[in-house]
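Residue-level listing of the chains:
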Amino acid sequence: MGKLKVLHYINQFYAGIGGEEMADVAPELREGAMGPGLAFNSGYGDEAEITHTIVCGDSFFNERLDEAKELILDMVKSVKPDLFVAGPAFNAGRYGVACATIAYEVLSQLGIPVLTGMYEENPGVDMFRDKLYIVATRNSAAGMRDAVSKMVPLSLKLARGETIGASAEEGYHPTGVRVNFFEKERGSKRAVKMLLKKMAGKPFTTEFPMPDFDRVPPNPAVKDITKATVALVTSGGIVPKGNPDRIESSSASKYGEYDITGVMDLTAETYETAHGGYDPLYANQDADRVLPVDILREFEAQGKIGKLHNKFYTTVGNGTAVKSSKVFAEEFSRKLVNDGVDVVILTST
Amino acid sequence: MKLEVGYIDITDIQFSDKASLQDGVLYVDRDAITAMILEDERIRAVELDIAKPGESVRITPVKDVIEPRVKVEGPGEIFPGVLSKVQTVGSGRTHVLRGAAVVTTGKIVGFQEGIIDMTGLGAEYTPFSKTFNLVANFTPVDGLTAHDYENALRLAGLKMAKALGELGREVEPNEVKTYEHLPVMQGAEKYPELPRVGYVQMLQSQGLMHDTYVYGVDMKQSLTTMISPTEVLDGAIISGNCVSACDKNTTYHHLNNPVIHDLFEAHGKTLNFAAMIITNENVYLADKERSSDWTAKLVEYLDLDGVIISQEGFGNPDTDLIMNCKKIEAVGTRTVIITDEYAGRDGTSQSLADADASADAVVTGGNANQVVVLPKLDKVIGTLDYVDKIAGGFENNLQEDGSIVVELQAITGATNELGFNRLSAR
Amino acid sequence: MVKEVERAGIPVVHVCTVTPISMTVGANRIVPAVAIPHPLGNPALSMEEEKQIRRKILDTALKALSTEVEEQTIFEVE
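Chains as they are written, first to last, in my numbering: chain A, 1 to 349; chain B, 1001 to 1426; chain C, 2001 to 2078.
Just so you know, the hints here were simulated from the structure itself, not pulled from any lab data.
Quantities reported herein were computed from a predicted structural model and do not represent experimental measurements.
Just so it is clear, CB atoms sit at the ideal spot from N, CA and C, and this is done for glycine as well.
Misleading hints may appear alongside valid ones.
[To be verified] Covered, in the sense of this in silico footprint (three residues per stretch, anywhere, with C-beta under 8 angstroms from a C-beta of chain C), are these stretches of chain A: (1) 45 to 58; (2) 110 to 120; (3) 136 to 148; (4) 155 to 165.
[Said to hold, decoys possible] No farther apart than 20 angstroms at their CA atoms in a straight line, the calculated lysine-lysine pairs in the PhoX-like style are these: (5) A:K307 <-> C:K2056; (6) A:K311 <-> A:K335; (7) C:K2051 <-> A:K304; (8) A:K227 <-> A:K323; (9) B:K1269 <-> A:K197; (10) A:K5 <-> A:K80; (11) B:K1269 <-> A:K189; (12) A:K184 <-> B:K1130; (13) A:K335 <-> A:K131.
All chains, please: the whole structure from these sequences, using the hints.
Put into structure tokens, the structure is as follows:
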């Protein structure tokens, strides 16, 4: 295999055209490497080479976005590179946004592997971290050598379609995708070191930043519960005896929909739990302890509710990815709406 | 409390007519062990086997792993309150058959049992691919309840480990280490300049296959309490068998608790390992609140500067973890928590069931949902009948070529939350 | 899951033991349950006593669904 052909994107400043006063220059395709491209080329050695450089003013890109995208994509198409590298942009905000935006266009429109790099506070990071790899750099061009030394190997891996390791290994900003890898030291040792730093007030890096959970505003209350159709949903894994759909005991890949027309009571002979996260004996003895069909039938007869919906939905919450349960719930919620269900009682173990 | 631990390195394990330990080779008397196990009338049959590192062997469904140890000097016996009378252990001298392990398997009890592969990809994720294992495959008598079956298995495994450990009583260890845990005031006087650090160990206590016993007490019935870390090295804490195999602490993990070891290693140098607190993870919310309140009270009372909190299991115990963390931070003590993640097979989902901004220092044992393909191995100890049912397995995951597709969840000890492994995630 | 049901426009009440998780994941109407392995029952009691507990929890759930809420609310079982 010959050298990989690399196309490099930089702004007017790194091309030596000028600073802010020249930020309006239109995109231009040049042959060969320039500015930081020279450092990349020496890093690439015999593996790859920057054959062309695109130079674009930061103001031009950000203010005339659609035009800039179109012009640049045409240039990329004409060069047909194996790899597209943008920046690094360090803490230059508009340059960073431009690098990430155009890299994402090249990746998504043309399917060419891309890489850029910038400082963590550059707005380009938060805008694009979940869409492409962005190498973490220092906040100024003084960190150029360090940035190039991370970008060269990662960009080669991307160009060759090799497996990309975890962010901590490869040096990119975490993308939100959790990737396993083997650390140098065992977890307990890392915990002791982290605690010593934390107690001393020194900087430390958590291995898992706490998430923000999103919120949905509450729906209005039901007007008259005695007329309402009530549906039961559970994450406690209640299924007909024998688990006919073979819902997994953990990390469930599906949900169950079961008809309870005429079912007045769940018994040990008819229902059980598929859930692997708790002692199943109590639910297996009497599944009403998790999915209270018996009492809701009683309420139905007494007129305390309109009626109990003839289907219930069930999943195993145990170890099941939040995303999967979300997909399940979106799907059965549509069915519930179509079936005219007014309210839902969702039980969890 | 001062405990000398003598480590005898085990380099091979073999069946023999006579039980002994010579030049690192552990000779096991199969008949004697079998007879000992069958004394428990709840067990109908037992098959003993050996699994060595690098062999093409898969053990499943694994319940517990136990390291053979023997108390050589000092009060009490190994596994106090369970195999011997209740007496405080943790001082004197103990011998360890380092590199050997007892592994228990048999008909599935719940959904939670694990897989140990002695070679291939799976072997990279379980620490027990590196130990010389005596494996016992149990068959219970008909009609035995799940709780009785678990109890019988648990005791049988411990008895086996004790019997093997006994062979090391008179053997000269390859290495001797001393662990000393000082009374609170003495420790403070001896190391006035060092930060006072504690270890809060959360113990699974959610019912069948999720329990943990301390001196024989089911931890779900205990309030948060204190223990000397040296007691743990003598088997004061034992596993009530598996939850999801990847992040349940086996008895082996308790005996070799890496947080205890690494805190002892730093003790007197960069920190003062002042106290160890054990708490539970119960199924009632009131218990969770009470236990975590208690943890924070003890931490404050002991005047600790920092603590490491280790979790066991996942899901609702994430709440116990976050409660402990939040309440301990609130009394002004710095925390680091050790957990693992369930971020989905593609790694894009929410990793923990609960979260709080005060949990800003997290060590992770990796994403348990990661899918791995375990190659077909020549020999199976136990049975493959349940690999689709155990936590981390799924329908039709046994491939035609004999390989098995599972999540790391199913592999014993893969994402351990004591920080036993190097596996992590970002 | 509870959020997706809410997002679909159906009022939903989450009956669960570990209400802090429910708060964290964003349920709006929450009713505390008994225990993780038996949220709406208690094997230590007689069948009739268990049913009484179940009735009380479900009465509370119906009350929650009939009550307007502005923010995440836990409805204690009386």
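Now the hints, each set against the structure:
{"no.": "1", "hint": "45 to 58", "verdict": "violated (count 0)"}
{"no.": "2", "hint": "110 to 120", "verdict": "violated (count 0)"}
{"no.": "3", "hint": "136 to 148", "verdict": "violated (count 0)"}
{"no.": "4", "hint": "155 to 165", "verdict": "violated (count 0)"}
{"no.": "5", "hint": "A:K307 <-> C:K2056", "verdict": "holds, 18 angstroms"}
{"no.": "6", "hint": "A:K311 <-> A:K335", "verdict": "holds, 10 angstroms"}
{"no.": "7", "hint": "C:K2051 <-> A:K304", "verdict": "holds, 16 angstroms"}
{"no.": "8", "hint": "A:K227 <-> A:K323", "verdict": "violated, 34 angstroms"}
{"no.": "9", "hint": "B:K1269 <-> A:K197", "verdict": "holds, 14 angstroms"}
{"no.": "10", "hint": "A:K5 <-> A:K80", "verdict": "holds, 8 angstroms"}
{"no.": "11", "hint": "B:K1269 <-> A:K189", "verdict": "holds, 15 angstroms"}
{"no.": "12", "hint": "A:K184 <-> B:K1130", "verdict": "holds, 18 angstroms"}
{"no.": "13", "hint": "A:K335 <-> A:K131", "verdict": "violated, 32 angstroms"}
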